[in-house]
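Enquirer: Chains as they are written, first to last, in the numbering used here: chain S, 1 to 535; chain D, 1 to 294; chain B, 1 to 348.
Treat the hints loosely; a few may be bogus.
In the DMTMM-like style, the derived pairs of lysine to aspartate or glutamate whose C-alpha atoms are separated by at most 20 Å in a straight line are [claimed, not checked]:
#1 Lys279(S) / Glu209(B)
#2 Lys116(S) / Asp96(S)
#3 Lys279(S) / Glu184(D)
Reference excerpt, derived from the structure (chain B facing chain D, CB under 7 Å, subset only) [stated by the list, open to error]:
#4 Thr18
#5 Phe20
#6 Ile21
#7 Ser23
#8 Phe27
#9 Ala31
#10 Met32
#11 Phe152
#12 Tyr156
#13 Tyr160
#14 Tyr282
#15 Val285
#16 Gly286
#17 Leu320
#18 Phe322
#19 Ala323
Restraint-style ranges between C-beta atoms, simulated for each label pair [what the hints assert, rightly or not]:
#20 Asn207(D) / Asp203(B): 34 to 40 Å
#21 Ser62(D) / Ser108(S): 53 to 59 Å
#22 Val8(B) / Ala24(D): 41 to 47 Å
#23 Met248(B) / Lys22(D): 34 to 40 Å
#24 Ser449(S) / Phe150(D): 48 to 54 Å
#25 Pro64(B) / Trp198(D): 56 to 62 Å
#26 Lys178(S) / Asp203(B): 44 to 50 Å
Keep in mind that the hints were calculated from the coordinates and are not lab data.
From the three backbone atoms N, C-alpha and C, an ideal C-beta is built for every residue, glycine too.
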Amino acid sequence: MSESEYKLGIAQSLIGGGKVSRRDFIHLGLAAGLTVAAADRLFVSTARAEPMQGGFAKLGMAHGATTDSIDPAGYPDTFTQTAFSGSLSNSLTEVDAKGNVQPDLAESFETSDGAKTWAFKLRKGATFHNGKTVTADDVVTSLQYHMGKDTKSAAKSLLDSVADVKADGPETVVFTLKDGNADFPYIMSDYHLVIMPAKDGKADWASGVRTGAFVLENFQPGVSAKLKRNPNYFKNGKPYLDEVEFIAITDLAARMAALSTGEVDYIGRADLKTLGMLKRNPKVEIVEVTGYGHYTLPMNVTMAPFDNPDVRMALKWAINRQEIVDKIFLGHATVANDNPIAPAIKFAKDPQPQHSFDPEKAKHYLKKAGMENLKVDLSVADAAFAGAVDAASLIRETAAQCGIDVNVVREAEDAYWDNVWLKKPWCASYWSGRATADWMFTQAFAADSSWNESFWKNPHFNELLVQARAETDEAKRAAMYAEMQQLTHDDGGSIVLVFNNFVSAQSKKLAHGDVAPNWENDGLKMAERWWIATA
Amino acid sequence: MTRSDSVAAVRRLRRSRATRAKTALKKAPFSAWFGIVVILGYVFVAVFAHWIAPYGETQVFSEAFAPWSQEFKLGTDQLGRDMLTRLIYGARNTIAIAVATTLLSFAVGVSLGLLAALYRGWLDQILSRAVDVLMSIPSLIFALVLLTIFGSSITSLIVIIALLDSTRVFRLSRAVGLNVAVMEYVEVARLRGEGPKWIIAKEILPNVMPPLVAEFGLRFCFVFLTVAALSFLGVGIQPPTADWGSMVRENATLITYGDVTPLLPAGAIALLTVSVNFVVDWFLQATSGLRDEK
Amino acid sequence: MNPVARTVLQRLGLGLVTLFIVSIIIFSAIAMLPGDFAKATLGQSATPETVAAFQREIGIDRPPVERYFVWVAQMLHGDFGSSFASRTGYRRTVAEIIAPRLYNTMFLAAVTALIAVPLALGLGILAALYRNGWFDRLVNVATLTTISFPEFFVAYMLAYLVISRDTFIGSDFAQTLPHWLTVSLNWALNAVPKFPTLSNVNDQTPFWEHLWKVALPAITLTLVIVAHMMRMTRAAIINMLASPYIDMARLKGMSPIVIVLRHALPNAWAPIVTVVAFNLAYLIVGVVVVEVVFVYPGIGQLMVDAVKSRDVPVVQACALIFAATYILLNLLADVISIATNPRLLHPR
Chain S
1 MSESEYKLGI AQSLIGGGKV SRRDFIHLGL AAGLTVAAAD RLFVSTARAE
51 PMQGGFAKLG MAHGATTDSI DPAGYPDTFT QTAFSGSLSN SLTEVDAKGN
101 VQPDLAESFE TSDGAKTWAF KLRKGATFHN GKTVTADDVV TSLQYHMGKD
151 TKSAAKSLLD SVADVKADGP ETVVFTLKDG NADFPYIMSD YHLVIMPAKD
201 GKADWASGVR TGAFVLENFQ PGVSAKLKRN PNYFKNGKPY LDEVEFIAIT
251 DLAARMAALS TGEVDYIGRA DLKTLGMLKR NPKVEIVEVT GYGHYTLPMN
301 VTMAPFDNPD VRMALKWAIN RQEIVDKIFL GHATVANDNP IAPAIKFAKD
351 PQPQHSFDPE KAKHYLKKAG MENLKVDLSV ADAAFAGAVD AASLIRETAA
401 QCGIDVNVVR EAEDAYWDNV WLKKPWCASY WSGRATADWM FTQAFAADSS
451 WNESFWKNPH FNELLVQARA ETDEAKRAAM YAEMQQLTHD DGGSIVLVFN
501 NFVSAQSKKL AHGDVAPNWE NDGLKMAERW WIATA
Chain D
1 MTRSDSVAAV RRLRRSRATR AKTALKKAPF SAWFGIVVIL GYVFVAVFAH
51 WIAPYGETQV FSEAFAPWSQ EFKLGTDQLG RDMLTRLIYG ARNTIAIAVA
101 TTLLSFAVGV SLGLLAALYR GWLDQILSRA VDVLMSIPSL IFALVLLTIF
151 GSSITSLIVI IALLDSTRVF RLSRAVGLNV AVMEYVEVAR LRGEGPKWII
201 AKEILPNVMP PLVAEFGLRF CFVFLTVAAL SFLGVGIQPP TADWGSMVRE
251 NATLITYGDV TPLLPAGAIA LLTVSVNFVV DWFLQATSGL RDEK
Chain B
1 MNPVARTVLQ RLGLGLVTLF IVSIIIFSAI AMLPGDFAKA TLGQSATPET
51 VAAFQREIGI DRPPVERYFV WVAQMLHGDF GSSFASRTGY RRTVAEIIAP
101 RLYNTMFLAA VTALIAVPLA LGLGILAALY RNGWFDRLVN VATLTTISFP
151 EFFVAYMLAY LVISRDTFIG SDFAQTLPHW LTVSLNWALN AVPKFPTLSN
201 VNDQTPFWEH LWKVALPAIT LTLVIVAHMM RMTRAAIINM LASPYIDMAR
251 LKGMSPIVIV LRHALPNAWA PIVTVVAFNL AYLIVGVVVV EVVFVYPGIG
301 QLMVDAVKSR DVPVVQACAL IFAATYILLN LLADVISIAT NPRLLHPR
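In isolation and in its complexed conformation, chain S is listed as follows (with noise of 0.2 Å):
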């Protein structure tokens, strides 16, 4: 390398720090043999790839409704999530792009007694957005808000397994939990147990002071939220903004119109109808993540005919998963087969045969269960997940042609939750996928899981469960999570229809690195990780 080449490739580390001016690199550029045109590109190129700092972006959301709030215990949509869990706030551990587990407000965590026992190092320096330094007690508080008896927050069900959680001196938390459980840190980046500092031994989440990278400057429920950077963050460099604003657009045809005006820079949930479209616009780019969410058709098996597990089969048979991912997510989808793991998950395993629309295969295991003329009724709305409805209409016409009679009931989407979903024998469904194939089983397939949408109660898929949660050997570990993979497959009671993407749209303005699949907005956390290119 000669030292004009060498100069150069300092010059483009200074870039991102916005240290050196394009004219300074031109030169730089032009003596190490680059004509202006290439060093100018080359600047370009380098200065989107490399964080900036400064700006202001606009963030347009696909939820926010006037109950929102800043009080963990709910964050119910995107909105809440990506503005206070992710750019206001943090977790112990967060979950990086290519999907492992990193330490966020902790600096290391260490496990001992099989898995039982998990020590979690506070950073060092760490500070709330009034100065305060963060404490173990105050970890302490932030989790015993989820725990408990009278809390009323949608994280207690995955905190059940923590039998204890006490500080350790001032810098160190440990948990205490029932089972041993390899995964653990993976639950402490789930975006409801942020850190709050304690005020006469509670969590004080009312104030919204916080950790995070942003302060929260204005917040109209519904409407929008300010946020202004964070002077002290702990994390170097970050963030880049200096300011965001999310913006609350519920309706899709709006989102779209808004980034198209150049009203905001970003929208999450773009619409996959109009997606072609949108990308024809040179100013806008599309990002899209396989993630771990999947769309699913839980059939209660304590219900007739649902009991029957060739009626089960022969539904699996019966629906034609490529053509929903084609016409309903227009390819912004894959097919998934009746397995909750995804395929970037570790441990997860392609159970066999793939199960596609075959009439031939369907009308065996129906002439097996002895229902030739099966008659059931499908109760959906695209408050389950958005396309729901006309996947119901497909699905209607393929089992048509296995004789099955589905009666597609289109039901309110307020109270879905409520009123449809674990109380219908065969509805949607929507899961967001969670990071380790034990978290995902223990939640939506455990036979005690209060979110077991199936009700299906497998007893050796429940060993097997326990087991491998506790096992430290891994070749054991990955040959007992392909076992239940396969039996949620051949036996269970849920049809997982596809693994969504998602799918977000932005102007060039913004720059990003490689984006994370845990959640939406690159995992809650693009206000933090994105800056603002200036090309």
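Since the structure of chain S is already known, use the hints to place chains D and B on it.
Expert: Leaving out everything else, chains D and B in the frame of chain S:
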């Protein structure tokens, strides 16, 4: 002049209903003719949807959003169903719903309104106050709540929209009914001992027709819009039934990119609305006292 | 007693009774809806224990009748209560939630009314003046067409116009047109002001910016309500033109404009004012769809949100505001009808 001559003369003057209608039609302006032809066309399509439509109402083809072609005259919708077929079945379902809703709301509204006008007193007070209450609740949101409670089947959709609409019909028919109920001929009929059914049907109704018909035209068209608005707010017709209001909603986002698909059902509604109101305008003019100088 | 004062007093009394009944109806309707605030908020992640804890805190574990009377008692003290979204140490009163929303709704209604009412009256008078002529027909068809499109559709089309300013020239559609047409259409589109498609205002938005941001919603609503008012104005005036006293004026050789403005219009106010009041009430009560499309934080969207989350105190307050608006505007219309009609003003 003999007696029979004068009777014949009177007969000649009071031409039969059919001939009166015929002469009125002859004199009808172009807009009225246009309206009648369009309405008849819609009715024809609606009644014979099954025979006219090239494909089945819910038949799914492999290509979604197919362009206009020989096979799919107006392309296919988001699930790959033939758009033309959906529009034709949509005519049947939408018009049937609109007709049923409007008829029901007028049956309830007109009969109660005229009864209130005829009897006044406590009946009028109770009905009028009840209508005041219902009208002061925002109807779209109230319909949304009621449909969530009772489930959004077609029957409950029709009954709920009809009942909420009937408040306005009640107001109107009571107001015009009051003017007629004080006329001498109504008083005479009452003294003759005729029942309320007879008085309303034979004496009052014929004399309050024009404003009611005008209202019928508008109300009829608003049913489509109500269904569309409700489907916008998330309660609507059960799939896979085709109806124009929901079809507009499903494809509405395409309009922000200049795609014409959502214009088809919206245009179908607009054309029908304009046509119905042309006919209503003509009817009003033909029955009103105004003899214009031109 | 003055007939105006008597009507006002009588109607205000009846109005209070109406409000009371409305509150009972709305309360029972929300109680009949499946689910409650706790379940709606927790959604898919609700467990029986968390739901129970939630219900205890906001008091919805009490029987409905008891809750209703507690609410009435509060109302009688002039207190709208607290939203269920309140928590211990974090009170969100209904009044503070509703106030900015109500202001926004009133703002949009006022702007729309200032455009729509004069426009409708003007068009109505002109249509009556040149009745059955080409102008009359054109206005009639145009207004009928605008009301026959669903509101959200009109709104999307307006948004499309604004977006097209930038994208039209590159679209496939533009390529298929002859060159001169593409150029002139593009020129016409660029003449459209770049109205914001997002009307997200907040309490810090300055007045002029607020006005600029409600441009598209106001135009949408104008298109939606003009037809009704215009048709009624036309019909009312034409109805008057059939009266003998107009024939008299005509025989005296007065010009048609003078006849319409000086003789027909003053006697046609009553039906016109009734329809105008009805439409103004609609602007306040019925614009939820337009609010959603343009992301405008008005009271309609607040009420739909509150119904969805079963936030009963907020729903009740919204319903009462809507009902009161309706009652007051109707009363105003009746007062104007009486005041403009000497026979009603001075009864024998």
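Enquirer: Note whether the CB distance of valine 8(B) and alanine 24(D) lies within 41 to 47 Å or breaks it.
Expert: holds (46 Å)
Enquirer: Regarding the hint that leucine 320(B) lies at the interface with chain D, is the smallest CB-CB distance below 7 Å?
Expert: With Cβ-Cβ at 10 Å, over 7 Å, it is violated.
Enquirer: Take the shortest C-beta to C-beta distance between serine 23(B) and chain D; is it under 7 Å?
Expert: Nearest chain D Cβ about 10 Å off; hint violated.
Enquirer: Can isoleucine 21(B) be said to touch chain D, with a Cβ gap under 7 Å?
Expert: Hint holds; isoleucine 21(B) Cβ to chain D Cβ min 5 Å, cut 7 Å.
Enquirer: Starting from the range 56 to 62 Å, see whether the pair proline 64(B) and tryptophan 198(D) falls in it by beta-carbon distance.
Expert: Between proline 64(B) and tryptophan 198(D), where Cβ atoms are some 46 Å apart, the hint is violated.
Enquirer: Looking only at beta-carbon atoms, does the pair lysine 178(S), aspartate 203(B) fall within the given range of 44 to 50 Å?
Expert: holds (49 Å)
Enquirer: Does tyrosine 156(B) meet its interface restraint, that is, does its C-beta lie within less than 7 Å of any C-beta in chain D?
Expert: holds (5 Å)
Enquirer: Would the stated hint for tyrosine 160(B) survive a check requiring a Cβ distance to chain D of less than 7 Å?
Expert: holds (5 Å)
Enquirer: A closest beta-carbon separation below 7 Å is what the hint needs, so does glycine 286(B) meet it against chain D?
Expert: holds (6 Å)
Enquirer: Does the interface hint hold: is phenylalanine 20(B) within less than 7 Å of chain D, judged Cβ to Cβ?
Expert: violated (9 Å)
Enquirer: Under 7 Å, Cβ to Cβ, is where phenylalanine 152(B) needs to be relative to chain D, so tell me if that hint holds or is violated.
Expert: Hint on phenylalanine 152(B): holds, closest Cβ of chain D at ~5 Å, below 7 Å.
Enquirer: Is the hinted range of 48 to 54 Å satisfied by the C-beta distance from serine 449(S) to phenylalanine 150(D)?
Expert: violated (33 Å)
The structure is inconsistent with the numbered hints 1, 2, 3, 5, 7, 8, 9, 14, 17, 20, 24, 25, although it conforms to all the rest.
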